[in-house]
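Here's the letter readout for the chains.
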Amino acid sequence: MLELIPNQLGYPLLSLLILVPVAGSLILLFIRDAGLARIAGLAFSLVELALCVPLLVNFNPSLAHMQFGEVRPWIAAWNIQYKVGIDGISILFVALTALLTTISMIVSWRAITDRVREFMIALLFLETGMIGVFISLDLFLFYIFWESMLIPMYLLIGVWGGPNRLYATIKFFLYTLAGSVLMLVGILAVYQTAGHTFDVLAIMNYKFSYIFQLWVFAAFFLAFAIKVPMFPFHTWLPDAHVEAPTAGSIILAGILIKMGAYGFLRFSLPFFPDATLSAMPYIMWLSVFAIIYGAYMAFAQTDFKKLIAYSSVSHMGFVTLGIFALNSQGLEGGILQMLNHGVSTGALFLAVGIIYERTHTRMIADYGGIAAKVPIYATFLMIITLSSIGLPGTNGFVGEFPILLGAFQNFAPYAVIASIGIILGAGYMLWLYQRVAFGKITNPHNEDLTDMGIREIVAALPLVILVFVVGLYPNIAFRVMHASVSNLIQHVNAKAQTLPAVAQAISTAIGK
Amino acid sequence: MSSTVQEFMKFIAPIYPEAILITVGLSVLIFDLFIGKERKSYLGWYSLAGVLGAAILTYNMTGMSGAFFSGTFLLDPFSLFFKFVFYIACGLGILLSINYLKVEDIHRGEYYALMLFATSGMMLMASAGDLITLYLGLELMALSIYILAGFMRRDNRSNEAAIKYLVLGAFSSGIMLYGMSLLYGLTGTTNLAGILAFLQKADLANPVLFLAMIMLIVSFGFKVAAVPFHMWVPDVYEGAPTSVTAFMSAGPKVAGFAVLLRVFVYALQPLHAHSSAIIAGLAVLTMGVGNVLALSQTNIKRMLAYSSIAHAGYALVGLAAGTVDGASSVLLYVLIYALMNMGAFGIVIMLRKAGARGEEITDYAGLGKTNKMAAFLMLIFMFSLTGIPPTAGFVGKFYIFKAAVQANLVWLAVVGVLFSAVSAYFYLRVIMVMYMSEPQGKFELATAPSLAVALIVSVLAVVFIGVYPTDVLNYARASIAGLGLM
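Chains as they are written, first to last, in the numbering used here: chain G, 1 to 512; chain D, 1 to 486.
Chain G with its partners taken away, still in its complex shape (with noise of 0.2 Å):
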């Protein structure tokens, strides 16, 4: 049973992250010089990192229990208190979210030269949205910030995004909008069995009867699913990945669909153990079936962007397989890919987004032969790469294979299909790699390319240094999510018991 340990730092850690960046905007809408925007925008981020720096140094990762908690009275009459608290899981996506945020203004420092306030208020007020959705223990509070990132995100894609931006942003925004209203009715029905309470830890305690759990398992599924985007809810990642501005496709492929997979952790599974036992193997084969998909159709995009962000559809499918494994080794790598996927996938926008700035195409075809150009670069994208394939050594590696040792124990046939994925995935990457980085330059304007500046550097090495770090030492990782995750996973158990006969049938006859 999850507790809330009280703050005892002396000052509101939690509420500090989410009102810095809210503050960075309201001072923002006073600042009207462009450059001097940029500036605040990037000092309100590295302050919001800096905060994370307590945070890590003073989280307890022996303890399975929300820290750092603070609870405020708030909507006395409908029970809704402003509760906040962190754990092994949370914690993680707290510090990638400012990490991520912050490469964000760097790398958007030039490309970005049109309502530059504006663009930063957006990022800024973003950061708060996602901290808020990671670190929130009341549904109403989760929700709030949850859609409140539906109006930055949809004018970062609708504003500064490219020629089919329109089309893109309310597509990204409609399909979103529409999973989370369902999901809201499903947060009124849980509030009104639960006994009138939108505490995510009361909830959790509660048993709720089957029928209920199928239903608004359903619900809250729909809205996560969306956000992973899991097939077959996936269409509208890839426009508003190629129309959104490099910070734009930064953020939604690091931290905007992982929420979705962090949705399924901290609510599907401890509030409705037994709908999600009954899901399952449907799940799971979903999953399956994204990862070979999703690399499918990487390997007929033409567009960059767009490759990337199927090869995102089909990382997301090990980080669903993962969770729904519902064992230790699989969440764990569920939890860890989803970091890793944050990372590489960031430094994958971000290596287009450099590369975008100086020749204005996303067309694969356009490239071919830059290493000679660009050193750096190419050196660069070939961590990057190897990461995403999941080479020994890099962080992709550690993710996906306790994923597959999860999905084997659970039932063998996921690993193996999941496995033809990982090579399908060393295939489309690499050939991108070769398409793009060697042979002979092709196409003339590519002849004086310039290299990646300082700005650039500084933005790609926290990257390529946490690529290495987590592919060597995992541990770092694993040991905070550790307790938090076994405590999840007996949560899940112990609650499951009453899972009636006929779901068990269910579960049997198509997974095992």
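Keep in mind the hints are simulated off the structure, nothing from the lab.
All C-beta atoms in this analysis are idealised placements derived from N, C-alpha and C, irrespective of residue type, glycine included.
You may find that some hints are simply not true.
Beta-carbon label-pair distances, calculated as ranges [unchecked claim]: (1) GLY195(G) with THR62(D): 30 to 38 Å; (2) TYR11(G) with LEU460(D): 25 to 33 Å; (3) LEU36(G) with THR298(D): 33 to 41 Å; (4) VAL463(D) with LEU36(G): 20 to 28 Å; (5) ASN474(D) with GLY10(G): 28 to 36 Å; (6) GLY195(G) with LEU460(D): 34 to 42 Å; (7) LEU460(D) with PRO54(G): 29 to 37 Å.
Please build the complex by placing chain D on the supplied structure of chain G, with the hints as guidance.
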């Protein structure tokens, strides 16, 4: 002599606020004769002062409750809540009008007088303890607004709006009177408390009773613009002067909900099982037709007209729930709706300049570049109308759907949230045009201090309620006391 005056004053104490508005309205008509064309805005500020005065008087009545004038006039937290919403609608309406009337060159004193009369009519509706008072208030409101809708005498669309509204309005009044007379025939009283007392003991399986109920739903449905009684809305909203449209979309609609609540949740409470099913059906139709037809509109006033139909649908969901929470969610919703809708109309009014109508959605192209402030405010209002947190629109919808789930109307909540997702498309299109397309030539906005005040008030309220709804929510919940649900 003086004691007679004193006695009279004491006698009319419960209707002081209404009396003030009527007096100010009448004096506006007189002052109008002596005020030159250039200074008509003084009348606007004077009327606004009247509204503020009435609001202060109403505020002092907090806690006062009882039935007056032989039970025809009720003072209870419920009616006071609605009166405040009417003050907001009327006050913002006046602020939106002052500059707009100049631009349209229809600045005449009667305008403000009619707004005040309409407002006092709405207040009478909210306080009605008797079907006759209810009808009187409704007609006072409706007649004033028929004239206001046609206030641009030389404009064909405005004339069409007035005629259409008048004819259909008269028709719905007829149906209402028919329903009321049937109800009177059955129960022997027009007093709402009396009707409730009768119905609690009566045999409810009476087809005539059912017929009376349906007639009341139809006629009130007309006032709140519920589908299928909404046909007048797009044309009237489009044709009427924009400031009147803004006022109309907030005032009479909210007043319609006041009487719907008073009649169906209070007086006809024993019939709840029947009325709830019908109202739930109307809610689905209203949300569906409003949101779907709004998708294809190119004129922003028409779009907001369909949007206002859709919002009536959401409020009907709360009414269908019929519980304490259902009723108070309607109260909260109409308040929030009035604020955000009038704010949105404020921006529409800003785009109306001499020589440019500014009513097409494409007229907003590039507003995010040419006028950042106006575009940003419109963005907030549009997100609020969509119901995206952290704006008030989300809080309103949340409460409505929460009440529906609580009343076991989960299916209705699901329909509601899905249509509200549909609505994102047409609200976002405005934002898209403002921020994501290039400006077509330079244009200046019709800014004025009065307009700025109205916009600042509404945007602050929308954001504040969105972030910290506690106080307003508690107030709405406490205001249900008079309905006898607690």
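For each hint, the structure was consulted:
{"no.": "1", "hint": "GLY195(G) with THR62(D): 30 to 38 Å", "result": "holds, 34 Å"}
{"no.": "2", "hint": "TYR11(G) with LEU460(D): 25 to 33 Å", "result": "holds, 30 Å"}
{"no.": "3", "hint": "LEU36(G) with THR298(D): 33 to 41 Å", "result": "holds, 40 Å"}
{"no.": "4", "hint": "VAL463(D) with LEU36(G): 20 to 28 Å", "result": "holds, 26 Å"}
{"no.": "5", "hint": "ASN474(D) with GLY10(G): 28 to 36 Å", "result": "holds, 33 Å"}
{"no.": "6", "hint": "GLY195(G) with LEU460(D): 34 to 42 Å", "result": "holds, 36 Å"}
{"no.": "7", "hint": "LEU460(D) with PRO54(G): 29 to 37 Å", "result": "holds, 35 Å"}
Against the hints set out earlier in the document, no violation occurs for any number.
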